[in-house]
Amino acid sequence: MTVETKLPYDRSYIEQFSSQLNEPAWMKELRLNALEQAESLELPKPDKTKIGKWNFTRFKHTASGEVETITSLTELPVEIQDFFDKEALPENLVIQRNHTVAFAKLNDDLANKGVIFTDIFTALREHEDLVKRYFMKDAVSVDEHKLTALHAALMNGGIFVYVPKNVQIKEPLQVVFWQEDPEVALINHVLVVADENSELTYVENYISNNQNEETVANIVTEVIAQDNAKISFGAVDNFAAGTTTYVNRRGVGYRDAQIDWALGQMNDGDTVSENVTHLVGDGGSANANAVTVGRGKQTQNFTAKIVQFGKNTDGQILQRGVMKESATTIFNAVGKIEHGASGANSEQTSRVLMLSENARGDANPILLIEEDDVTAGHAASVGRVDPMQLYYFMSRGIRKEEAERLVIYGFLDPVVRELPIDAVKKQLKQVIERKVN
Amino acid sequence: MAGSTLEIKNLHVSIEDKEILKGVNLTIKGGEFHAIMGPNGTGKSTLASAIMGHPKYEITEGSITLNGEDVLEMEVDERARAGLFLAMQYPSEVSGVTTSEFLRSAINARREEGDEIPLMKFIKELDKDLDYLEIDQNMATRYLNEGFSGGEKKRNEILQLMQIKPDIAILDEIDSGLDIDALKVVSKGINKMRGEEFGCLIITHYQRLLNYITPDYVHVMMQGRVVKSGGPELAQRLEAEGYDWIKEELGIEDETVGQNA
Ligand SMILES: Nc1ncnc2c1ncn2[C@@H]1O[C@H](COP(=O)(O)OP(=O)(O)OP(=O)(O)O)[C@@H](O)[C@H]1O
Ligand SMILES: [Mg+2]
Chain A
1 MTVETKLPYD RSYIEQFSSQ LNEPAWMKEL RLNALEQAES LELPKPDKTK
51 IGKWNFTRFK HTASGEVETI TSLTELPVEI QDFFDKEALP ENLVIQRNHT
101 VAFAKLNDDL ANKGVIFTDI FTALREHEDL VKRYFMKDAV SVDEHKLTAL
151 HAALMNGGIF VYVPKNVQIK EPLQVVFWQE DPEVALINHV LVVADENSEL
201 TYVENYISNN QNEETVANIV TEVIAQDNAK ISFGAVDNFA AGTTTYVNRR
251 GVGYRDAQID WALGQMNDGD TVSENVTHLV GDGGSANANA VTVGRGKQTQ
301 NFTAKIVQFG KNTDGQILQR GVMKESATTI FNAVGKIEHG ASGANSEQTS
351 RVLMLSENAR GDANPILLIE EDDVTAGHAA SVGRVDPMQL YYFMSRGIRK
401 EEAERLVIYG FLDPVVRELP IDAVKKQLKQ VIERKVN
Chain D
1 MAGSTLEIKN LHVSIEDKEI LKGVNLTIKG GEFHAIMGPN GTGKSTLASA
51 IMGHPKYEIT EGSITLNGED VLEMEVDERA RAGLFLAMQY PSEVSGVTTS
101 EFLRSAINAR REEGDEIPLM KFIKELDKDL DYLEIDQNMA TRYLNEGFSG
151 GEKKRNEILQ LMQIKPDIAI LDEIDSGLDI DALKVVSKGI NKMRGEEFGC
201 LIITHYQRLL NYITPDYVHV MMQGRVVKSG GPELAQRLEA EGYDWIKEEL
251 GIEDETVGQN A
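Protein chains in written order, with UniProt numbering: chain A, 1 to 437; chain D, 1 to 261.
In silico SDA-like pairs for lysine to any residue, Cα to Cα no more than 20 Å straight-line:
1) Lys-429(A) - Thr-141(D)
2) Lys-429(A) - Thr-98(D)
3) Lys-429(A) - Glu-101(D)
4) Lys-400(A) - Glu-78(D)
The following residues of chain A were derived to be distant from chain D, with all beta-carbon distances above 10 Å:
5) Leu-7
6) Arg-11
7) Glu-29
8) Glu-39
9) Lys-48
10) Val-101
11) Pro-172
12) Gly-343
13) Leu-367
14) Thr-375
15) Arg-434
In case anyone wonders, no lab produced these hints; they're calculated from the structure.
Each residue gets a CB set at the ideal place from its N, CA and C atoms; glycine is no exception.
If we strip away everything but chain D, and leave its shape as in the complex, we get:
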């Protein structure tokens, strides 16, 4: 089998009775890298959260399936074990639980009871990824995200990605707050995941990240919908010209989710 397929059809999502996503259609397959761009407040993070199952978001219409299975019927942890992963725009800080403990639990959650990953093997693989992402060893023994800088939190999300090895990953603004070197390292980590078995949805504001991670498809979100899709050249044009030309083309005046075309 050549990887998983995540299929989003006509997805409508509300938060506190306010409709934010208004019919999103998107299909991500193993082996594909998709990028979603779009102005602030247009529903990108909402889409990511709805896919993962954030408790605050209510799906009012449409469907999400993973290899034909209904994702919306699954609890958050079941979605994750089915193969989904979300690198969060603002990951929580958890006092008292180290990154290493957190990761070990995540890995063991995917294994049978009694077949937990041997500690030495876990440490070896963790060290390898820490090295690859140029993360200080002692970060693994610090409490999860507590007191981490913005950039450290992002690296930690990618560390988790590499350790958990999901089938489909959604990366929400993984590039925000990263300095140039960190951006390169994080991109290197994401690129290492590339393969037939791995599909990825990258939410970003900047072409810069896409210079390092070339997407196969680029989508633009406005007003809670995907309003335009294309290849990597679309991202380049957005970087050069901004969003006005799309708004003009589609007759959109205000791109935020409160508005309708």
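Bound-form chain A, shown alone:
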């Protein structure tokens, strides 16, 4: 079946959009080619979720009017201030308001060491070669399906992070993607490159407020860890019910590289999320941790996948989900060990906690192994709150609602505690609280 969805923006629109941003010629070319491919390519086919009728193409591409810059974080709405620790404001922070940078700061010392932490459009102008080297090359390809092609054609926001060789960053880099305009799509590209022997922690927050207005988030994130680099990547996604989200976070790890993901996937709208890590070099490791709370009528599909090419690589997937009301969620955890990856280890655990009779949850752990000399294991469960646990809590005087709250938090805690910034961890807990109650 070919999907006959008319694309919302044409060649001339994209040419103009790219020119306004002063993009290099190759980028404009890439966008135009992508647009052509988007017309013929099909939507992705996430396992067990039909997305054929989801809205990926009806949206406004740009916000009208000038974006106001923010001079002090206290000007921000409270729900965004929650992302920061008031006592110790982040040293490295970018706030993207709709598509434009409204606030940016980077520790001088890091800037002097050659660390790049800037929006993708500035990076395309000022660090063209680096961006060109990595943009949709090693991790995600433009022509994977309709949504990756649309993404490339219409990218309207994003961040570029580059940490040079041998530079280890202790302070996290934090980004807030604030979709203030309820109708405008966010087609966001995050490109994080850690060069050899470097180290960084990156945390992003997506937030929007469109309960009723429909729009789209189409996010591609590419995370590259060169030899012996170490990347800790945290995220809290919090798009409102009106946003249909496609989010693709992909990592590539070379020799002895480590990529750790901690994803709080708290969108209220329909969501397809894929988080894939390729361990290309020997000795690499990846931890893919993700939590979600499904509520209302939303349908979500989460795929966490680690593909191991290198010898002695380690891939660990941990997924936790709480389902309430009539939410539907599919968890796919895929561990793939390629031929030749001797000594590799792959493990995945997916657990779903059902809080309502009408909710649906499905956990599918999959192991695909093409090498003999490996170890692997998987576990999955879909269950309800244990009445004996509730009885135990209540026998100590704890009220039922509080007991349930504690059990639910406890269930999600193994992933929540992996988030690298305390303020973001706290904020994720608040979002969980809002979604659970």
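Following the hints, put chain D with the ligands in place on chain A, whose structure we already have.
Just chain D with the ligands now, kept in the frame of chain A:
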């Protein structure tokens, strides 16, 4: 006021339509320590669970009151806040919730909103009790009972007892699985609770525990009833002679709950 009074009258309890308790009468007052002994499967844990309000047990007849108030009308958490506590024979494991979080919630559940226990005060008091029970500090930050050894679970129950300070506590086989040193420590914790305001019902199979915690009253359960009561000497005689003499005295052939005298 000199402590609370828990009064159990003619209590009949069924589980899945099988009658297990067949008319239990027992009164526990603040300041008193009672021990219940009895062979396996005679209804001791059932009594404890029925008092606390375990969802599986159905009360078919009789009453339980605490200071004259109807306990059977209360939810489990209300019973606890009214002053009851049950150290369970098999406490649940709860992944993701630390012992310390669990205890703080239990303490705050007894306080008004906005008057939660200050964190530093809580930590100080917790540390004191951890020390007293010779429990490793890091146990408080581990998930509740998850991966705890049998003995650690029992110590944790007593830690909760000391932190929550109930009026009436029921301890179901708190001594099972404890080594000699742990038995002493756990007994020390329970004895520390002694006072006019605190009543305790200790379910045990062994005189050994009662060497450390001298009960004021000893009761024997068979066939879902209290069939004999006495002082500490009764427990000593049971330890020395077993249950046969009681069965003979009362003409009981099979002491389990399925049988009637
Ligand atoms: N869910 C159940 N279904 C059927 N029978 C049950 C159930 N739970 C308990 N019983 C029965 O009730 C009886 C009393 O059990 P209870 O646990 O109260 O005994 P107990 O005196 O505490 O024994 P022990 O000394 O071994 O701990 C037993 O015969 C037991 O098998
Ligand atoms: Mg028992």
